[in-house]
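A.B. asks: Chain A is already provided as a structure; the job is to place chain B on it using the hints.
Residue numbers (this note's numbering), protein chains in the order written: chain A, 195 to 390; chain B, 195 to 390.
Do not rely on the hints blindly, as some may be mistaken.
One copy or two, either will do: identical chains are not told apart, so a pair holds if it fits within one copy or between any two.
Straight-line distance between alpha carbons at most 30 Å, and here's what the computed DSSO-like set of lysine-lysine pairs gives [as the list claims (entries may be wrong)]:
#	residue 1	residue 2
1	K315	K282
2	K381	K246
3	K246	K296
4	K256	K282
5	K296	K196
6	K282	K370
Keep in mind the hints are simulated off the structure, nothing from the lab. All values reported here derive from a predicted model rather than from experimental measurement.
Okay, here's what each chain looks like letter by letter:
Number of protein chains: 2
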Amino acid sequence: MKNSLGAKTIVPTTPVWVVGTYDPEGKPNVMTVAWGGICCSQPPCLYVSLRKATQTYGNIMKRKCFTVSIPSETYAKETDYFGIASGKTEDKFSTTELTPVKSDLVDAPYVEEFPLIIECKVIKVVKIGLHTEFIGEIVDVKADSLVLNEKNLPDIEKMKPLIWNIAGRTYHKVGKRMGKAFSIGKKIQNRSIRTH
Amino acid sequence: MKNSLGAKTIVPTTPVWVVGTYDPEGKPNVMTVAWGGICCSQPPCLYVSLRKATQTYGNIMKRKCFTVSIPSETYAKETDYFGIASGKTEDKFSTTELTPVKSDLVDAPYVEEFPLIIECKVIKVVKIGLHTEFIGEIVDVKADSLVLNEKNLPDIEKMKPLIWNIAGRTYHKVGKRMGKAFSIGKKIQNRSIRTH
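So here's chain A without its partners, still in its complex pose:
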């Protein structure tokens, strides 16, 4: 028997992503979001959902592109600040002394100090309600050498991304490995094949 908690967005886990855009004057801006995720494998796409009231919403509407910079846990404070302050009144790069780098593929900046960044071109805008989804085709992923493994892929234990716990309003680390996907469930599948 489960307890009804009502129609709420208290659903784990959600990511902690920093969306980079240029404002109409070409000033770089960043905003932290948790309403984001991968939404297609081919073409590779991710989305971020934004309120119309944000600076980032207007910036993306105008330039049709954005970046996502994934902070490591070292930058939890700066990332939280990026979600509190508005680019309409504060220069978030200057305040944090972090470095905006112009993407060579899309007309948007990313955060140099963050270990992984994704460059996106908007291919769909989906109005839902308070939030609008911007679906961006991933044109490139770039990473610091320090977080790559021997296969030249980003290693989550080296990257140390954050997780957003909406119900408790806290950030969390990524914890221990729990097993290999498409593998630990195979014993159960074999059981099924034997008995059917």
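C.D. replies: Okay, now just chain B, sitting in the frame of chain A:
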């Protein structure tokens, strides 16, 4: 200087969600997805992205609703199996001996043993490419008493959800708390207000 890794969906973090639906004969089915997230606060909405080839895609197209059951780490193996096997050829509930419960709000089943479940009515279907997004309005969230805190909200440390690490193809636990959101960044904001 960052290394280009190409246009790939290797972006942390993504969730581990189990989508529940009924097939045309009313048989309950479940499928594990990582392409999912919250996409609107008002109305509260989440999405899951699915390939047309899956049983779940057809089931949602027909009944226009689904549930999301969030597994705790205890059920990592069953969850992995739900992502390996197809409901077209295997009865995933019967194989795992987990219990399908019919939602009283939407025409879809959820997994009784998982600590948090979300009931959704589809309000938009967004075709992207290989994947199609099903945007569902959250009509209720239900949780086991054991995972609720004193505010009657789900406690992520009690729920123990999984995280999907796509680049390494591993599941991970949620790790330690890194600080309070809308709070740890305030010192930086105050610095900005003082100096501008």
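A.B. asks: Which holds for K381 with K246 at a C-alpha limit of 30 Å: within a copy, between copies, both or neither?
C.D. replies: Between copies only: 27 Å across, 48 Å inside.
A.B. asks: Classify it for me, K315 with K282: is the Cα-Cα distance of at most 30 Å met within a copy, between copies, both or neither?
C.D. replies: Within one copy, since 23 Å is at most 30 Å while 36 Å is not.
A.B. asks: Up to 30 Å between alpha-carbons, please classify K282 paired with K370: within, between, both or neither.
C.D. replies: Neither: 39 Å inside a copy, 33 Å across copies.
A.B. asks: How do K296 and K196 come out at 30 Å by Cα distance, when the copy is not named: within, between, both, or neither?
C.D. replies: Close across copies (12 Å), not inside one copy (49 Å); limit 30 Å.
A.B. asks: One pair to classify: K256 and K282, alpha carbons no more than 30 Å apart. Within, between, both, or neither?
C.D. replies: Within. Shortest intra-copy distance 15 Å satisfies the 30 Å Cα cut-off; inter-copy 45 Å does not.
A.B. asks: Cα distance capped at 30 Å. Does K246 pair with K296 within a copy, between copies, both, or neither?
C.D. replies: within (24 Å within a copy, 37 Å between copies)
Hint 6 alone, counting from the list given before, is not met by this structure.
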